[in-house]
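> Could you put the whole structure together from the sequences, leaning on the hints where they help?
Listed below are the residues making up each chain.
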Amino acid sequence: MAIIKLPESMRNRIAAAVTAGYPHETCGLLIGRQGVRAVEVLDSLQAANLNQERPGDRYELDPKAMLAADRDARSRGLEIVGVWHSHPDHPAEPSETDREAAWEGWSYLIVSVARDGINAIRSWRLDGGQFYEEDMAL
Amino acid sequence: MSRVIVRIPMPLRSLTAGAEELAVEGATVGKALACLGATYPGVLARILTPEGQIRSFVNIYLGQENVHAIEGLDTALPEGSVLSIIPAVAGGSEPKAKERRLMDLRGRIDQITPAEAFALQQRGVALIDVREQDEIAQGSPPGAHRLGRGFLELRIEEAAPDLEHPLLVMCNGGVRSLFAAEDLIRLGYRDVRSVSGGFTRWRNEGLPVEAPRSLDHDARERYSRHIMMPEVGEAGQLKLLSSKVLLIGAGGLGSPAALYLAAAGIGTLGIVDHDVVDRSNLQRQILHTDARVGTLKVDSARAALTALNPAVTVQPQARRLDRHNVEETLNGYDVVVDGSDNFATRYLINDACVKLGLPNVHGAVFRFEGQVSVFWPADARFQGPCYRCVYPEPPPPELAPSCAEAGVLGVLPGVVGLLQAVETVKLLLGIGMPLIGRMLYYEALAARFSELKLSRDRNCRYCGEGTAFPGYADYEELCHGASA
Chain A
1 MAIIKLPESM
11 RNRIAAAVTA
21 GYPHETCGLL
31 IGRQGVRAVE
41 VLDSLQAANL
51 NQERPGDRYE
61 LDPKAMLAAD
71 RDARSRGLEI
81 VGVWHSHPDH
91 PAEPSETDRE
101 AAWEGWSYLI
111 VSVARDGINA
121 IRSWRLDGGQ
131 FYEEDMAL
Chain B
1 MSRVIVRIPM
11 PLRSLTAGAE
21 ELAVEGATVG
31 KALACLGATY
41 PGVLARILTP
51 EGQIRSFVNI
61 YLGQENVHAI
71 EGLDTALPEG
81 SVLSIIPAVA
91 GGSEPKAKER
101 RLMDLRGRID
111 QITPAEAFAL
121 QQRGVALIDV
131 REQDEIAQGS
141 PPGAHRLGRG
151 FLELRIEEAA
161 PDLEHPLLVM
171 CNGGVRSLFA
181 AEDLIRLGYR
191 DVRSVSGGFT
201 RWRNEGLPVE
211 APRSLDHDAR
221 ERYSRHIMMP
231 EVGEAGQLKL
241 LSSKVLLIGA
251 GGLGSPAALY
261 LAAAGIGTLG
271 IVDHDVVDRS
281 NLQRQILHTD
291 ARVGTLKVDS
301 ARAALTALNP
311 AVTVQPQARR
321 LDRHNVEETL
331 NGYDVVVDGS
341 DNFATRYLIN
351 DACVKLGLPN
361 VHGAVFRFEG
371 QVSVFWPADA
381 RFQGPCYRCV
391 YPEPPPPELA
401 PSCAEAGVLG
411 VLPGVVGLLQ
421 AVETVKLLLG
431 IGMPLIGRML
441 YYEALAARFS
451 ELKLSRDRNC
461 RYCGEGTAFP
471 GYADYEELCH
481 GASA
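These protein sequence lines are chains A and B, in that order.
Sequential numbering from 1 applies to the first sequence in this note's numbering.
Sequential numbering from 1 applies to the second sequence in this note's numbering.
None of these hints come from the bench; they were simulated from the model.
Among the hints, erroneous ones may be present.
[What the hints assert, rightly or not] Taking beta-carbon pairs under 10 Å as the criterion, some of the chain B residues facing chain A (in silico):
{"id": "1", "residue": "R7"}
{"id": "2", "residue": "Y61"}
{"id": "3", "residue": "N172"}
Note that the Cβ used here is the ideal one computed from N, Cα and C, for glycine as well.
Pasting the structure below:
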């Protein structure tokens, strides 16, 4: 099982963005280093959710944000290692929609959020068309 | 032929032997990708469809621009261009039935801004707040009907009797109000509008807010049998909780009355009694216990009432009422319950109640008989008599022996004291027909209630029309030691 190292400061930053965005889905990127057995998150950023029709249960990360993030990360010797997004009033598990759109090689951090705050944060990785949960470490 | 750099995102690097960037050659995007595909065919399959089009979940950027917005695969590449393959990132939770319903409702129900709702409310349109009690406790628009969602259909017609008049429905964020609006339309209301953004937006836009009083969770549970009756409801229970009742005497009549009034949630119960608990009291004075024989009755009463309902404020007043302290004792209470055991006190209470304009819930027992009435000449609706209209003078002592002298069936003051409690609650809630101008007379042995009509004496020295208060009398002298 893969490991994702998510420092508390990153976790708090993402949680704050997700809570502020409720009841809409929020999304962003995880920046860091991909090791052999573990992915290390060193930075994160929020990107616009381009899905205007169903912001409550869909997200579509702005590719421009991704392009900029990719450039910035590479300039710092880092790279985009994953994606985070929220599931308002829904468990922190990948949906079929998530699975269909997911890429192998990235971590997918899912934050379950309700009106009164964060329910759970879990991370997943696609392998052979299936999502597997990653171990989370600080 | 240009030399260009292609940046490979991590998800595709397993197909490029881990390479982050690859140098390829090609005059257009399509040709550069074909060059890439010649070495790494797996990558190309992820980027292009079998027909050779860019896949919908991939974006290819030339510098800062999506080639899709230029000429797609035919976009020309200058020497040294950088192509970035950007995987589309999307997803989301499962589509919810809720979302589908909401999209439908948003299409069918008129939505207005809080400012528009406020303007309409000022013109007399009913604003219905359908939020939960704990949300309303945080604030609600002044004048809103706080009906909640659960009982909405059952209570709406009291707030808005005319189906033709428009209704404004508000929740916290503008979602629940759509469902509520649909229910109201189904009920027959022709024009129902939902306040977009709900109370959150209402408050954020600086529209007026008030914090209504409401019951907490414990109180709602304790008084649930009251609240479910529309004649009481939450508003009625709040009224009881803010009411103050003074019981004269913690004896046979005061005991059952005090217990039930405390149970009913009368917020403040004052109890006046100078006496201590005697074992002979326990045959009927159920506030007290064998263990508390010898203690002050007001202290014993407080222990019993607080144990029953800790939320009630008990104000014990261990004193004998006289003309010097009667007004300060009665002042500030809403209702006086007379459970005294002597005529001197009854006249004193009557006179003070007349002067202070307070309702006097009267009860008396004798052997197997009891009587109850409400004396409240100040009440404009019924203009009933005072005690003196009915009994201008106390009876001679030989005709009016006290319980101590004549005895009383122990249960009887329970019946009469509770009728006093019922009348008290009715007065506080303003419901039903008060026992004003009437006396209920109960004969236990015959098992018979009868009603006597009591008339006001227009020439009563105390409550007669245009009569100035004549002052307090010397009650001991007046009654010659007669007992009630």
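> Could you run down the list of hints and mark each one as holding or not?
Comparing the hints with the structure gives:
Checking R7 of chain B against chain A by beta carbon gives a least distance of about 7 Å; that is within 10 Å, so the hint holds. Checking Y61 of chain B against chain A: minimum C-beta separation of about 5 Å stays under 10 Å; hint holds. For N172 of chain B, the shortest C-beta to C-beta distance to chain A is roughly 9 Å, which falls under 10 Å, so the interface hint holds.
Violated hints are absent here; each numbered hint is respected by the structure.
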